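Peer 1: Chains as they are written, first to last, in the working numbering: chain A, 210 to 349; chain B, 210 to 349; chain W, 210 to 349; chain U, 210 to 349.
If you are wondering where the hints come from, they were derived from the structure by calculation, not from laboratory data.
Mixed in with the good hints there might be a few duds.
[Claimed, not checked] Derived CB-CB ranges, DEER-like:
(1) A:S212 <-> U:E294: 31 to 37 Å
(2) W:R215 <-> U:F317: 34 to 40 Å
(3) W:S299 <-> A:R257: 31 to 37 Å
(4) U:R348 <-> A:N263: 19 to 25 Å
(5) U:R348 <-> B:G252: 54 to 60 Å
(6) U:V278 <-> A:R257: 43 to 49 Å
(7) B:K277 <-> U:V278: 31 to 37 Å
(8) U:T214 <-> B:E271: 39 to 45 Å
Note that the coordinates shown come from a computational prediction; the quantities given were computed from them, not determined experimentally.
All residues carry an ideal CB built from backbone N, CA and C; glycine is no exception.
Protein chains: 4
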Amino acid sequence: MLSNTRIIRVQWGDCDPAGIVYYPRYFEWFDASSILLFEKATGMTKIRMLEKYNGAGLALLEARAVFKVASQYGDDIQVETRVTEFRRSSFFVQHTVKKGDVLALEGFETRLWTTRDPADPMHLKSAPMPGEIRASFNRT
Amino acid sequence: MLSNTRIIRVQWGDCDPAGIVYYPRYFEWFDASSILLFEKATGMTKIRMLEKYNGAGLALLEARAVFKVASQYGDDIQVETRVTEFRRSSFFVQHTVKKGDVLALEGFETRLWTTRDPADPMHLKSAPMPGEIRASFNRT
Amino acid sequence: MLSNTRIIRVQWGDCDPAGIVYYPRYFEWFDASSILLFEKATGMTKIRMLEKYNGAGLALLEARAVFKVASQYGDDIQVETRVTEFRRSSFFVQHTVKKGDVLALEGFETRLWTTRDPADPMHLKSAPMPGEIRASFNRT
Amino acid sequence: MLSNTRIIRVQWGDCDPAGIVYYPRYFEWFDASSILLFEKATGMTKIRMLEKYNGAGLALLEARAVFKVASQYGDDIQVETRVTEFRRSSFFVQHTVKKGDVLALEGFETRLWTTRDPADPMHLKSAPMPGEIRASFNRT
Chain A
210 MLSNTRIIRV QWGDCDPAGI VYYPRYFEWF DASSILLFEK ATGMTKIRML
260 EKYNGAGLAL LEARAVFKVA SQYGDDIQVE TRVTEFRRSS FFVQHTVKKG
310 DVLALEGFET RLWTTRDPAD PMHLKSAPMP GEIRASFNRT
Chain B
210 MLSNTRIIRV QWGDCDPAGI VYYPRYFEWF DASSILLFEK ATGMTKIRML
260 EKYNGAGLAL LEARAVFKVA SQYGDDIQVE TRVTEFRRSS FFVQHTVKKG
310 DVLALEGFET RLWTTRDPAD PMHLKSAPMP GEIRASFNRT
Chain W
210 MLSNTRIIRV QWGDCDPAGI VYYPRYFEWF DASSILLFEK ATGMTKIRML
260 EKYNGAGLAL LEARAVFKVA SQYGDDIQVE TRVTEFRRSS FFVQHTVKKG
310 DVLALEGFET RLWTTRDPAD PMHLKSAPMP GEIRASFNRT
Chain U
210 MLSNTRIIRV QWGDCDPAGI VYYPRYFEWF DASSILLFEK ATGMTKIRML
260 EKYNGAGLAL LEARAVFKVA SQYGDDIQVE TRVTEFRRSS FFVQHTVKKG
310 DVLALEGFET RLWTTRDPAD PMHLKSAPMP GEIRASFNRT
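One chain only, chain A, in its complex shape (with noise of 0.2 Å):
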């Protein structure tokens, strides 16, 4: 299945006073690099792929991460992003962070394609996956 990698120059600015990367930033990189993910595979930016599909997004279930070593300024590290499981409206996401060969954390995602109820746009709805989009990540 598909997956994605990239490199992540940890910014002075990411850091706390400890001088290792503050926590939340990891999950806007996760974030991040699920969106990139969806965009390597379909081709398309998130606005134009929700558009295409008449989707409202890639909801948010539950997002975890599991601290193994922590990172600092200066160092790169190495997201590689991959969906582990499509079912029928829900997808699970891995985010696996090394540095240099060592695991430094993995993040998970539990996300859920959603639709706007056309009743009642502020309401949304999950609805399954389009087969385009899940097909799109059987490349290699």
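Chain A is fixed; fit chains B, W and U onto it per the hints.
Peer 2: Then chains B, W and U, alone, in the frame of chain A:
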């Protein structure tokens, strides 16, 4: 003219490896403080105010801060915000940040009342600030 | 066991293009809420507490959030934080976030009391949570 | 004089409910860009540079941005950073941000080389910028 004052407790995650506030955070506080001032003046949230007056936003033309004394985790800083001048469309906001009696920094924003062009809703254009909004600042 | 509750007004800049809170912000609020709980328990800032007890930090092992209802700019959310269990070195923090009477999300952090290795100050190691700190949570 | 250019892909989470970049993000990018410029000039990370030259930091005296054109999720913006003037202790940094050929915004920082007062390590004071650092900017 109306002003709005709020106390912000500096959190651990607001600070950088030098132990002082990471400076973009001040601009986050300035942006929120400007909105809170308009809420206080008009008695409406920003979204309601924009809807009522057909506005598109308080577009930022310029932002500036002059730093005097750094702040650290645990400090309580007081941000006092006021509009120093209304012109036809633009207006000037000043944020005075004190730590106790000491002036820690000052912030300045130049903003513009904008509306959507009916012929091209993606295009924003400046418009005269509605008189009712302007008048709402003339309270004590 | 002691808990700490605070109200957070969701600001414009806390929200994403979908108009709802950008989820890493919740983890910023969780991190600050955990620290505020320890401040309330011990009567000391985090820095003073670490100095007094020769601690190096409240190292994060795992962070997790389960999302129920999204929040928007202008919402007031209530974050209630408590330690649900102290083990020898590790402890579990729970954050319950409500919007009015509605459960909006829950957050969970697993953390570890750490000290510096005198032989190698760059190396942190887990250590038993000082009894005085633990006892300070047994207040109403 | 040396300059540093980097491309930043605007992420979903960098944007606000109006769909444009939340302006404090630009200052995050400016801060990181200034540090990256010094890294490029000296061949050292900020921390190593401060250690080698007994510096305490690149203290910020003033930050300013002038906004021309907003950017959105998915845009690639190019940030070009240079020091426009070195004085004895202070120096001026300019950030030119383009979206394609269009000038999107300009940023300006006034910073100060600081050292620690040996008699009072908590007190920073301005000091002449080390000649070696200054000279390192005279490369193409």
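Peer 1: Okay, S212 (chain A) versus E294 (chain U) on CB: inside 31 to 37 Å?
Peer 2: Violated - the Cβ-Cβ distance for S212 (chain A) and E294 (chain U), about 46 Å, lies outside 31 to 37 Å.
Peer 1: The hint says 19 to 25 Å between R348 (chain U) and N263 (chain A); measuring C-beta to C-beta, is that right?
Peer 2: violated (54 Å)
Peer 1: Just tell me: holds or violated, for the beta carbon distance of R215 (chain W) and F317 (chain U) against 34 to 40 Å?
Peer 2: holds (37 Å)
Peer 1: State, for the Cβ atoms of R348 (chain U) and G252 (chain B), whether the hinted interval 54 to 60 Å holds or is violated.
Peer 2: holds (58 Å)
Peer 1: Between K277 (chain B) and V278 (chain U), does the C-beta distance stay in 31 to 37 Å?
Peer 2: holds (32 Å)
Peer 1: Is 39 to 45 Å right for how far apart the beta carbons of T214 (chain U) and E271 (chain B) are?
Peer 2: violated (24 Å)
Peer 1: Confirm or reject the claim that V278 (chain U) and R257 (chain A) have a C-beta distance inside 43 to 49 Å.
Peer 2: violated (21 Å)
Peer 1: Does the Cβ-Cβ separation between S299 (chain W) and R257 (chain A) fall within 31 to 37 Å?
Peer 2: violated (45 Å)
Consistency with the previously given hints fails for numbers 1, 3, 4, 6 and 8, ordered from lowest to highest.
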